[in-house]
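*Asks:* The numbering used here puts the first residue of the sequence shown at 132, with every later residue one more than the last.
These aren't lab readings, by the way, just hints derived from the structure by calculation. We put the beta carbon where it would ideally sit given N, CA and C, even for glycine. There may be inaccurate statements among the hints.
[Said to hold, decoys possible] FRET-style restraints, in silico, Cβ to Cβ:
(1) Val-298 with Ser-224: 42 to 48 angstroms
(2) Lys-240 with His-194: 36 to 42 angstroms
(3) Leu-177 with Phe-229: 18 to 24 angstroms
(4) Val-298 with Thr-137: 43 to 49 angstroms
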Amino acid sequence: MNTLSTLFYISMGAWFVTEFLYKNMLKSGKEDQKNKDKSTLNILWLAIPFSIMSSIFISYNTHFTIAAGNWILYLGELLILTGIIFRYMIIRSLGKYFTVDVTIRQDHKIKKEGFYKYLRHPSYAFSLLTSLGLGLYLNNWLSLIFAFVPPFLAFAYRIKIEEQALVEQFGDEYLEYRKSTKKLIPFIY
Numbered sequence: 132m133n134t135l136s137t138l139f140y141i142s143m144g145a146w147f148v149t150e151f152l153y154k155n156m157l158k159s160g161k162e163d164q165k166n167k168d169k170s171t172l173n174i175l176w177l178a179i180p181f182s183i184m185s186s187i188f189i190s191y192n193t194h195f196t197i198a199a200g201n202w203i204l205y206l207g208e209l210l211i212l213t214g215i216i217f218r219y220m221i222i223r224s225l226g227k228y229f230t231v232d233v234t235i236r237q238d239h240k241i242k243k244e245g246f247y248k249y250l251r252h253p254s255y256a257f258s259l260l261t262s263l264g265l266g267l268y269l270n271n272w273l274s275l276i277f278a279f280v281p282p283f284l285a286f287a288y289r290i291k292i293e294e295q296a297l298v299e300q301f302g303d304e305y306l307e308y309r310k311s312t313k314k315l316i317p318f319i320y
């Protein structure tokens, strides 16, 4: 096994472990406004493992190469690592306001600095960047589709539910913030 594939397996393990820890350690508390999630956490925990397993399975059983050469593997691994690291940084920057379920804390405030100056959902954006990296690392067009599309659809649903909760809580303040930012891709979407 070469260094790149070793790094890939380590990063995939780190991705799983961090997401597992987030899911189990960063849930809402008893005093938080719950019942806003509408099963989005469960949907994400179905979509993402499905996308990972299916994209890897497809890469071993079909050959729809994206690009010749190893550069695509390095690009994919770079995106995987970037996604994992920056998602962690964003979660840390939110501190107590980050929960894995859609929740509004009692003293909740809208974060508008850092990545949040440009994106309303940078944590999801970097999670999707990790999925995109996986698809590129596997160097298979079908794998890329299966690695990226199910998580994207799950996050799109979650964003809809989350933004409804934020508009209910913050009203015009959140609507104004929404006008000046994008959901997932700076200046584009």
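*Asks:* Check each numbered hint against the structure and report the violated ones by number, ascending.
*Replies:* 1, 2
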